[in-house]
Amino acid sequence: MGGLGGLSGVGTWCRRAACTAFAVNAISIAPAMAEEWPTVPDELFEALNLDRDVSANDLYEAVAARYYDEAQGYGKGQFSELWEPIAFSRYMDPALYEGREQLNFDVSAEDCVTCHESATPGWVHAWDRSVHADLEAIRALPEDDSRAYKIEHLQEVEANLRSMGLLAEGARLTEVGCADCHMGVGVKDGNHMADLRLPDSAACGQCHVRQFSERESERDTLTWPQDQWPAGRPSHALSLLANYETAIWAGMAEREIAEGCTMCHTTQATCNQCHTRHEFAAAQARRPEMCANCHNGVDHNEFENYMMSRHGLIYQTNGGDWDWEAPLSEAFASAGYNAPTCQTCHMGVDGQYSHNLVQKVRWGFAPMPSIAENLAHPWFEDRKDLWVATCSQCHSPSFAESYFEMIDNGTTQGVDLVQQADAVMKGLYEDGLLVGQASNRPAPPAPDEDTFGGFFGLFWTEGNNPTAIDYEYAQMWEQEIMRHFKGLAHVNPGGFTYTYGWSELIASLARIRDEDTRLRERHALEERIDALEAAGDAN
Amino acid sequence: MGGLGGLSGVGTWCRRAACTAFAVNAISIAPAMAEEWPTVPDELFEALNLDRDVSANDLYEAVAARYYDEAQGYGKGQFSELWEPIAFSRYMDPALYEGREQLNFDVSAEDCVTCHESATPGWVHAWDRSVHADLEAIRALPEDDSRAYKIEHLQEVEANLRSMGLLAEGARLTEVGCADCHMGVGVKDGNHMADLRLPDSAACGQCHVRQFSERESERDTLTWPQDQWPAGRPSHALSLLANYETAIWAGMAEREIAEGCTMCHTTQATCNQCHTRHEFAAAQARRPEMCANCHNGVDHNEFENYMMSRHGLIYQTNGGDWDWEAPLSEAFASAGYNAPTCQTCHMGVDGQYSHNLVQKVRWGFAPMPSIAENLAHPWFEDRKDLWVATCSQCHSPSFAESYFEMIDNGTTQGVDLVQQADAVMKGLYEDGLLVGQASNRPAPPAPDEDTFGGFFGLFWTEGNNPTAIDYEYAQMWEQEIMRHFKGLAHVNPGGFTYTYGWSELIASLARIRDEDTRLRERHALEERIDALEAAGDAN
Amino acid sequence: MGGLGGLSGVGTWCRRAACTAFAVNAISIAPAMAEEWPTVPDELFEALNLDRDVSANDLYEAVAARYYDEAQGYGKGQFSELWEPIAFSRYMDPALYEGREQLNFDVSAEDCVTCHESATPGWVHAWDRSVHADLEAIRALPEDDSRAYKIEHLQEVEANLRSMGLLAEGARLTEVGCADCHMGVGVKDGNHMADLRLPDSAACGQCHVRQFSERESERDTLTWPQDQWPAGRPSHALSLLANYETAIWAGMAEREIAEGCTMCHTTQATCNQCHTRHEFAAAQARRPEMCANCHNGVDHNEFENYMMSRHGLIYQTNGGDWDWEAPLSEAFASAGYNAPTCQTCHMGVDGQYSHNLVQKVRWGFAPMPSIAENLAHPWFEDRKDLWVATCSQCHSPSFAESYFEMIDNGTTQGVDLVQQADAVMKGLYEDGLLVGQASNRPAPPAPDEDTFGGFFGLFWTEGNNPTAIDYEYAQMWEQEIMRHFKGLAHVNPGGFTYTYGWSELIASLARIRDEDTRLRERHALEERIDALEAAGDAN
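Chains as they are written, first to last, in the numbering used here: chain A, 469 to 1007; chain B, 469 to 1007; chain C, 469 to 1007.
Just chain A, with the same shape it has in the complex (with noise of 0.2 Å):
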């Protein structure tokens, strides 16, 4: 035992098939792949026509092209005859801010700062925190420095610009400015009224064509095969429209509160969601709080379900001597990490890093019975031995299998809940009896239709609709079997079977049988008193 023997046996080990660990370690190692754009997905050029050895410019042309197509997501959707926006909506989507009425009057680039730094001094103290005011700065950094990377990152922007024609052969960047990102790249001067925009997703992209690029991807990885949600969604790419095609959204009449649904949905025009403006740092895009912005609360409790996990509260408790500057790929190693975070498991796949968060989405925003019963179809096999794989960081790939096992039956078994209480919430809403049915049950707002359960009657009511076990059900349907799977999938035991998740769908389903049987002896109790009057009628 043990010497050459040992070493042989594990040699056998190291080339099972099966050791998926070991063999995604050794592509992450692995020198760069020649291919261009390595970092995004094929399923992209397939999808705008591209050869992978496209240039710069052309990239950015096709994946902006189709950015801003109305006919693919741009703009304010199918049911935009139905809302207007209000003030505040303009500066959460670029596509709806308007020129300035106030403001009219001529500036150059260099008076930006002049003015703002008594305007608005925020602004311009981020913005001078950040790597666009000293491009320099990154040009000098030695080698050892966990941000020496962020040199490369700037030869390959002033690559991309030089293929767009706007930076001449041999110069360089020096700084990001003001008006580069709100006139335009290397825009010198214009008016304060009619020159000024927004930036959006694609301002960014023009400078970052591949991180652009990345993120756009979603649209074309997320091909669910038995159509469980449409093509490319639920994605940071389209969540914009997600958002202004959700019926009640655009049907409400209370725009201040529709205001706050986009507040989140606006990943898909802006990249300020994640790289807060104006110091855009990704050493602070790298922590678990800047997801928690969005993926918080009753709906999706991620980052709830994370710090309270064991990851999460290594995070707690050692994330403060991690070198966040570092990027994701030396994570666990020079870095420091300890334990994963948010980014490390969903912007990796196969071991590279990239802004495609849904390349390993299985259960997505909505665990359901279409999902469930497809669980051994190859899209679904092949995308968790990609998860695997990432556990396999820092577990075995045994551990990680019978943990996905774990997080795909117990989903399960919460889906199977939620499937008896639509039976009970079908059968009163056709047999009339759910309270007020018959006499005062509104319909929703257009484009809404009436349903039991709906997702509008979480935003609106009007007589008795929702009743207050439609609203239980959309609640266990839209909130608590996604707690349940969230606080699976992201180890929080005491979330998924106790605090939330498992044991509020038990009270729901609870709380709806009990009221099915309540309506139910109270219609039978009717019937009985209207013989009776029947029969003192006859009498």
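Derived from the structure by calculation, the hints contain no laboratory data.
Check the hints yourself; a few may be wrong.
Because identical chains share one entry, a pair is satisfied inside a single copy or across any pair of copies.
To be verified - In silico SDA-like links for lysine to any residue, alpha-carbon gap of 20 Å or less:
{"id": "1", "residue 1": "Lys828", "residue 2": "His743"}
{"id": "2", "residue 1": "Lys852", "residue 2": "Leu516"}
{"id": "3", "residue 1": "Lys852", "residue 2": "Ala555"}
{"id": "4", "residue 1": "Lys544", "residue 2": "Ala840"}
{"id": "5", "residue 1": "Lys852", "residue 2": "Ile554"}
{"id": "6", "residue 1": "Lys852", "residue 2": "Ala587"}
{"id": "7", "residue 1": "Lys544", "residue 2": "Ala670"}
{"id": "8", "residue 1": "Lys852", "residue 2": "Gln811"}
{"id": "9", "residue 1": "Lys828", "residue 2": "Asp818"}
{"id": "10", "residue 1": "Lys828", "residue 2": "Pro913"}
{"id": "11", "residue 1": "Lys544", "residue 2": "Ala533"}
{"id": "12", "residue 1": "Lys894", "residue 2": "His743"}
{"id": "13", "residue 1": "Lys656", "residue 2": "Ala801"}
{"id": "14", "residue 1": "Lys544", "residue 2": "Arg665"}
With the hints as your guide, set chains B and C onto chain A.
Quick look at chains B and C alone, frame taken from chain A:
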């Protein structure tokens, strides 16, 4: 375009009356005004009939006299006959503190540390870390130390004590020891039972006249134009009075539960709710967590909303690098804040920072129709302008204005839901149809009186008071509308739209309407049975 | 007054029997007692019939023998016939761990790191950061390093191994490698399938005899005088037994959900619930977040309460500056804590710190009448005195005593609300009036039996079991009263008064009474209809 033309355009802009941001910043960087007590609002001087050039002694005398005046909020309040303090109460309210029964012996000021180093070392260690323990160390701070501003503070304190005859001309303070606060400034010995006191706000105020006056000025700057709240409330300065004069607080039998309320409401009585004893560190009091001690939870989740807002998430990721020792006026400059804290927004008015935190209060602690209907009144408009100026340190005034429009409209929409529920509840209550209303609805303990959805029902129950929907409605008007507003005001979109606030209000209103239909239908059934029985009897 | 008089007065005070704080501190600064195993309570030696001067080997043998005794809590418990582990279970409970089917090859201890550095680098990196990876580095620590206490720990471990014959006289440990834990102390090679084990608490205990014995002594110090709980529970030492012997846990069909419970209850089986593998850092285990992994949520929100208490808020603001490497005995001294942590209060007894965390438990995990009624019993009184001494490190004993009076009275008031609800529920259940009780109330899965408000109803539902108020009542006695008590005990005033606890109990009781009236009125209506129908038939 550009050049001089641009600059002159800028000049035009900055001269605009609407350019509040610039105006405010101009004030904040202006040299200190010659005015005495510049951070104490005019309203306090008017209320106390003092000139602005009043001496420290006279200012303190007047402020403290009012502080101790039972007719103006000191002591146990108008329901004092109804409740008795428990043993713990005396530690929350120095006015209830009685001499210690047991430790009747004489001590000198020097003995304190000697004995308590063994007896309660935590006290001594905390004091030892405090500024109070070594004032010479403060005097020795180099000019570029961010705590150097405390040298001036110390001189101010010495001037105050000289004005009161408590410090000789030429003498200087070297430390503030136990006896100075627990027996009296400069007292050297006393009886451990008879002479010990629990320091109150006025005890701190003797040295810190300015800060005490700022805090006490909260009574004067809350002058609700339509009497939405009693004058001077809701405020830290009268929070204990508000506690003692809440009917259910005074009337409930469970004094330990009531004491839980007092534990937050003690801000009127002490300064150490924010300045934790015995370190009293300003650096700690500047952290959002210190506000969280009270400002969290079911009825006003400010902390939760802040922490999940972009502002709070930046604090969570970057706050560790900010200089907490620097004064708030340096927050966005040398202290390096790149997001606001509770303190920078709520303590700052027109570029000045003070311990009056209510000068910009508009919706206060209870969004209600009488506020919603009067937002165009100058009192509310002026305060909104001060808020817009606060936000405009980092956002454009038009962005801030549009967001305030969103807060106001969104909150008003929530208030409307509460009003709809109110009408339903009133109808049921007046018709005597609430569950058990006719048979088993005892009155709440005096001084409270029965009503539908009363505040008392959140803390007390007997028979069928409150009913399930009484409690639900109390949650609406006292908690959900507050969380809705607080979510809007603290920019936590998921918070007000979905997780808390709007969707909760929808659910509660739907449940109340569900119950309304159910109770009225049940009543109709009962009448039909009555009729059948009457018919039967007639037969 | 003052001077000698003062000092003599102080002397009188400090000689008082009531001055528990001083007495305790005297103990904590006394030289180490000559007694062997001073931190292991007498109760363990009595229970195992050992002398205090027992050798490490004999102590370990006895403690481990009991640990592995199925009659005393090892293994699958009394309902083991009813459930099967899932694949993931074997990673939670080493007793269920089976050899790996696949990796049947021989390895030497040196191979582990070589291969796993590629296969699962996270394991290797974590171990590499651990004390285990370089014991010489520990020996080389300078005396003033806060980790220097580990030198003595290391000597103790070596003495333990010598006592067991696992380390030769004169030999010394240089590292603890993979095989030492996963194959056996000192083992040099083995078969990757047959010889690998998942280390359990006893595996850690072989080196860490004292800590293992402290932990195991929890079985012995929880001797409830009125049998409120089974002996030795609730505790970490028997937590897995408690899990396996919970009727609904054993009986429920959804094993993945049940596994969620196990994920916390595994503390009996492993040490790495607190000492995260493979770093096992004591510095991390001292952080409140490590307790939070289990102690959070709907049924015992200790972490949430702590973090929102003054204590936790100070931790949040200042904890970053405390020396987490220092032992707990240095917490308030050289380590610079200015607030307590979970660990300083719950691991400390009489100035000593140990891994028995239940020596001061009084209300435990379930405030109930049998505790409320017996608080004057010496068992509870003595434990309260130990608590008061703990608090008196930073608070006056009279403050601490008054707060304990508040905890006890406030909790008792909450228990009274639960009792009132119990009476109503019992009445409805005995009268057969719960919704669906007569027609559609299936029994829960064996070994559970039906009752009103049973624990099973939080995790299982079928037909009309549980009803809405069964679930509500289960929340009261199992969750809300706990949150109420935990809020009181962890000094989170909004927590117990309002957000959780008291106000929730009020709401639940009100809803149950509402339903009681409703069901009884409905029943009366039905009887009237019966009578009318009978009269009609008679006609």
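Against the structure, the hints come out as follows:
In this assembly of identical chains, lysine 828 and histidine 743 lie within 20 Å of each other by CA distance neither inside one copy nor across copies; the values are 23 Å within and 31 Å between. For a Cα distance limit of 20 Å, the shortest separation of lysine 852 from leucine 516 qualifies neither inside one copy, at 27 Å, nor across copies, at 49 Å. In this assembly of identical chains, the alpha carbons of lysine 852 and alanine 555 lie at most 20 Å apart only when taken from different copies (17 Å versus 44 Å within one copy). Proximity of lysine 544 and alanine 840 under a CA criterion of 20 Å is satisfied in neither setting, with 33 Å inside one chain copy and 31 Å between copies.
Taking the shortest alpha-carbon separations for lysine 852 and isoleucine 554, only the inter-copy value of 19 Å comes in at or below 20 Å, while the best intra-copy value is 43 Å. In this assembly of identical chains, lysine 852 and alanine 587 lie within 20 Å of each other by CA distance solely across copies; the values are 18 Å between and 52 Å within a copy. In this assembly of identical chains, the alpha carbons of lysine 544 and alanine 670 lie at most 20 Å apart only when taken from the same copy (17 Å versus 59 Å across copies). With identical chains, the CA atoms of lysine 852 and glutamine 811 are at most 20 Å apart within one copy only, with a shortest distance of 18 Å there and 39 Å across copies.
In this assembly of identical chains, the alpha carbons of lysine 828 and aspartate 818 lie at most 20 Å apart only when taken from the same copy (10 Å versus 50 Å across copies). Proximity of lysine 828 to proline 913 under the C-alpha cut-off of 20 Å is found in neither arrangement, the shortest distances being 36 Å within a copy and 37 Å between copies. Only within a single protomer do lysine 544 and alanine 533 lie at most 20 Å apart by alpha-carbon distance; the minimum there is 17 Å, versus 62 Å between protomers. Neither within a single protomer nor between protomers do lysine 894 and histidine 743 lie at most 20 Å apart by alpha-carbon distance, with minima of 45 Å and 50 Å respectively.
Within a single copy, lysine 656 and alanine 801 get their C-alpha atoms no closer than 43 Å, and across copies no closer than 28 Å, so neither meets the 20 Å cut-off. In this assembly of identical chains, the alpha carbons of lysine 544 and arginine 665 lie at most 20 Å apart only when taken from the same copy (18 Å versus 59 Å across copies).
Going down the numbered hints, you'll see the structure goes against 1, 2, 4, 10, 12, 13, while the others check out.
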